[in-house]
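Undergrad: Each protein sequence line maps, in turn, to chains A and B.
Heads up: the first sequence begins at 1 in the numbering used here, then just goes up one per residue.
Heads up: the second sequence begins at 1001 in the numbering used here, then just goes up one per residue.
What the hints contain is simulated information worked out from the structure, not anything from laboratory work.
Quick caveat: nothing in here was measured; it's all calculated off a predicted structure.
Check before you lean on any hint, since a few could be wrong.
Stated by the list, open to error - Computed list of lysine-lysine pairs in DSS-like fashion (alpha-carbon distance at most 30 Å, straight line):
{"no.": "1", "chain 1": "B", "residue 1": "K1337", "chain 2": "A", "residue 2": "K348"}
{"no.": "2", "chain 1": "B", "residue 1": "K1495", "chain 2": "A", "residue 2": "K449"}
{"no.": "3", "chain 1": "B", "residue 1": "K1229", "chain 2": "A", "residue 2": "K411"}
{"no.": "4", "chain 1": "B", "residue 1": "K1229", "chain 2": "A", "residue 2": "K320"}
{"no.": "5", "chain 1": "B", "residue 1": "K1348", "chain 2": "A", "residue 2": "K229"}
{"no.": "6", "chain 1": "A", "residue 1": "K348", "chain 2": "B", "residue 2": "K1348"}
{"no.": "7", "chain 1": "B", "residue 1": "K1348", "chain 2": "A", "residue 2": "K337"}
{"no.": "8", "chain 1": "B", "residue 1": "K1547", "chain 2": "A", "residue 2": "K478"}
{"no.": "9", "chain 1": "A", "residue 1": "K495", "chain 2": "B", "residue 2": "K1337"}
Number of protein chains: 2
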Amino acid sequence: MRMSDEARLIYLPLGGAGEVGMNAYVYGYGKPGKERLILVDLGVTFPDMDTTPGVDLIFPDISWLIERADRLEAIVITHGHEDHIGALGHFWNDLRVPVYCRKFTGNLAARKMDEHGADPEQICVVGAWPEVTEAGPFRIGFLPVSHSIPESSGLVIDTPAGRIVHTGDFKLDGAPGVGEPFDAELWHSVAGDGVRALVCDSTNIFVETPGRSESTLSDNIRALVASSKGMVISTTFASNVARVKTLAEAGRDAGRSVCLLGRAMQRMVAAAIETGVLTDFPTMINHEEAEQLPREHVMLIVTGSQGERRAATAQFSRGKYLGLELAAGDTFLFSSKTIPGNERAVLKILNAFSERGVDVVDDNYGLYHVSGHANRPDLEAVHDLMRPRMLIPMHGEHRMLRRHAEAGEAKGIASMVAVNGTMLDLTGDRPVVVDRIETGRVYLDGTRKIGALGGVVRDRIRMALNGLVMLNVIFDEKDEPLGDPWAEIRGLAEKGRTGTALVEMIETETAEFMARAGAKVLRDDEKLETSLRRVVRQVAVEEIGKKPEVTVVISRLA
Amino acid sequence: MRMSDEARLIYLPLGGAGEVGMNAYVYGYGKPGKERLILVDLGVTFPDMDTTPGVDLIFPDISWLIERADRLEAIVITHGHEDHIGALGHFWNDLRVPVYCRKFTGNLAARKMDEHGADPEQICVVGAWPEVTEAGPFRIGFLPVSHSIPESSGLVIDTPAGRIVHTGDFKLDGAPGVGEPFDAELWHSVAGDGVRALVCDSTNIFVETPGRSESTLSDNIRALVASSKGMVISTTFASNVARVKTLAEAGRDAGRSVCLLGRAMQRMVAAAIETGVLTDFPTMINHEEAEQLPREHVMLIVTGSQGERRAATAQFSRGKYLGLELAAGDTFLFSSKTIPGNERAVLKILNAFSERGVDVVDDNYGLYHVSGHANRPDLEAVHDLMRPRMLIPMHGEHRMLRRHAEAGEAKGIASMVAVNGTMLDLTGDRPVVVDRIETGRVYLDGTRKIGALGGVVRDRIRMALNGLVMLNVIFDEKDEPLGDPWAEIRGLAEKGRTGTALVEMIETETAEFMARAGAKVLRDDEKLETSLRRVVRQVAVEEIGKKPEVTVVISRLA
């Protein structure tokens, strides 16, 4: 058995393991408690009304790492998706180490840094494998791989304890359109000297069929655009530059002028052109030019495939956007899939288009969209290619990690489910859990970062579910009530069962309570508040059948 | 052209046309404005956090019909699903006419009436076609059809202007397991004398493949249960009695004792047995007996396939339910599909089961679930079978109605999309829009019915998104401020950008405003309130980057 003070290689996911979103993975090498660290990716996840109303963004809680920032050597970003890069600007000032990534990702990362008051000069652009970067005891190389954004990279992380391959997000695509194809020989060559651990994307482990190439869509999209009569409008993820290009080319080849709408779409294409990953993109026109052309000569490519309220797609569904308006006979193509949780928003848009007589085409049958993640057969092909000693599934909900680990074990690879906060020692023959770190989520709320468990969001949810009664009582200098209690309500039915205003019933009942209550209760703020809250709730239950939130404000004149 | 005071046949959907849910369709016959009416179905739809937080149920706004209740002859219920029957008890006292339905549906309907203070004796059970019931100028027959609940019926509605066939919800299933198979000859015989209008389910118009029979699942379910090692737990819609029977039989045949959990499940099976639609159901054990048996001898069939928080499935995902607890090696089968909007809740449960080591099997590949609605080829088969003069698509979102109408037009049937509130005259050769009625939604909120547009729910959503500041100011008899303003917050970050408490900043700034303000502002409640609200918002935007809801309470001592 190894001595406990020998150097070890550790893995600690702080986000992304047990969920799809907010990726943040720590690797460390050194004596226990003194490991030198690197952080791979620093992403966000998106809020929803059910659990995080009013929240702007969700970050992983990286307190553990911030407390150990002196041991951090570098941040490494695999690719430019928000769930891998989105928190970088928000936390860089807490970490203050160089950020390594490739050129296109660097372009996006620099902007993120700049927007949030971090120094964009800290972005260090590095070339593809076999180029490597030293960071403490680590040597890191960026291994090109195909995904749904250009320049996605797996990481070759060499350590004194052996080689780790961290796949990042990937699929096996020999013809991704934009960016590098998956190069099995290159990946295999990396495995030559032995891979200690494969830390691997798990998103599509439940999909049993082999993945399809981005290139399979081109003919379908061309045929659709060519056969459309009115204006053609299409949406996809802005970062899927290959798809945007396919759409634009289909438009051009059908004799249409192409117009990109939505800031994210324009920015992403600009970044891809600037960094040289996108070439030969069709000439674009702006929205004013589009407005002047006959509809059948226009192809719009717009943001908002997930039904985001303020994006171009949703705006078109409600009416005009930048002077343009959809009309009967136009065709709207969703070249995208709906992420779970966004179904209602997207359906609302589909139906709004239907009401306008716009023909909506979506991905029902996979004709116009392919996933960016490796399916189960592809994942197994990578296991076989890399022949790692250990498999650590990442980037997935618990059920995905579990199924992926089962797939690894079935091949005789030592596999382990390690969710956020699980520190693994990878130095031996099998992964060993050596610590459990407290992790969680931090919310960006307006301009503040607030803890997920601080009660702020819980209070909002309660007000949304139960409504609110505010009750004011005033006492004079002698602790005698000055007038009757005064109630206001928000988010509650105005009239009760008897037809009387709820506010009136509350004021009457609380006044009666005060008249009955002894001086002892009236002088004790805490007791009085509890009692009044109880009276308010009783009235509400009886009158409207709800137990509202209650705020009692007691003012005592000094 | 017909004279305007000639008797006419009208159709008016008040719910269900342009949405999936809260079905309520009015038919009328007579002189304009004096038509005698019947109501087909009176269902609910379910609230969600995004648009209707805290709401208990959603009803169609049937004010139009309530105002004309003296012209209503009958309510007719096609089948017992909540979106067809759920509002019956809540509105019967406003309508007060007999309710016609078949036996099993009647059993459920009587309970609904009883639960909501309506008279269950008003339920009139009628037999299947060719039995008919007279209701004013209408003769109504219940035409058996297959669906995902026993005894679903299409309606043959004979009027002086001809025959209407209102399909209700249906699929073409020759072997539905429980309840009557679809009988093409019977339906065809009804079409013999000519069908003026086919008012037809549109739910699955986008599914291009023919529907599958309930009976195709039996072997798959049997094989799965037989090969499972630990306890088997399965969930489906409680009302899908055929599925519950298939599951129970698979359990029994694998040597397992069957236990139903969840009130809805037990009640539905009891109703089916009581009314004779369900026979030969395997012997059941109760939860205490289940607890005593070895896990591999138990099969639970439970409620909660949509992830409902309080149903058995969700409770099992969180821990014990009635003394029973799932364990590693158990198998959980979702014999159901997830309704759009419920994905997040269901995924949460899948992952909680994964963490417990429970193997979850869901309907990914259609092995364990079939839809209860007719797909496009099935709908076209029914068009061909019934050869109606007109087709009015119902029961579907706008895009579904539109696609369905296109399918009808392509066959040369006069088809029209008529969303909620569209009154059609069906007397002529084509449907003609003769009126637009104001419709909408009514919320059951606690025990009160509130209008969807009354602002109550809007206020809740705003509090959830923006948080709330309550500000109190007190003036003495001379309109001089008594002390400083006093603030409380709910659902907002406690500390601002500068590290100072938000409440403190608000109190300081509003106090300063009051000190500066002239007597004119201080004496004018409305002006003062507006100004204070603006000050509070400015502080909040600066300190925490949010614009909260603000309630200002001004107390003036008399």
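Undergrad: All the hints need checking, so say for each whether the structure fits it.
TA: Consistency of the hints with the structure:
A threshold of 30 Å between alpha carbons decides the hint, and for K1337(B) with K348(A) the separation of about 20 Å falls inside it, so the pair holds. Taking the CA atoms of K1495(B) and K449(A), the gap is near 10 Å; set against the 30 Å cutoff, the hint holds. Only pairs whose Cα atoms come within 30 Å are accepted, and K1229(B) paired with K411(A) is accepted, the gap being roughly 23 Å. Between the alpha carbons of K1229(B) and K320(A) the distance comes to roughly 59 Å, so the proposed pair goes past 30 Å and is violated.
As the CA atoms of K1348(B) and K229(A) are separated by approximately 43 Å, the hinted pair breaks the 30 Å bound. Taking the CA atoms of K348(A) and K1348(B), the gap is about 24 Å. The hint holds against a cut of 30 Å. A distance of roughly 20 Å separates the Cα atoms of K1348(B) and K337(A); the hinted pair therefore holds under the 30 Å criterion. Note on K1547(B) and K478(A): the hinted pairing is violated, with a Cα-Cα distance of about 39 Å set against a maximum of 30 Å.
With a C-alpha separation of about 40 Å, the suggested pair K495(A) and K1337(B) falls outside the 30 Å cut-off, and the hint is violated.
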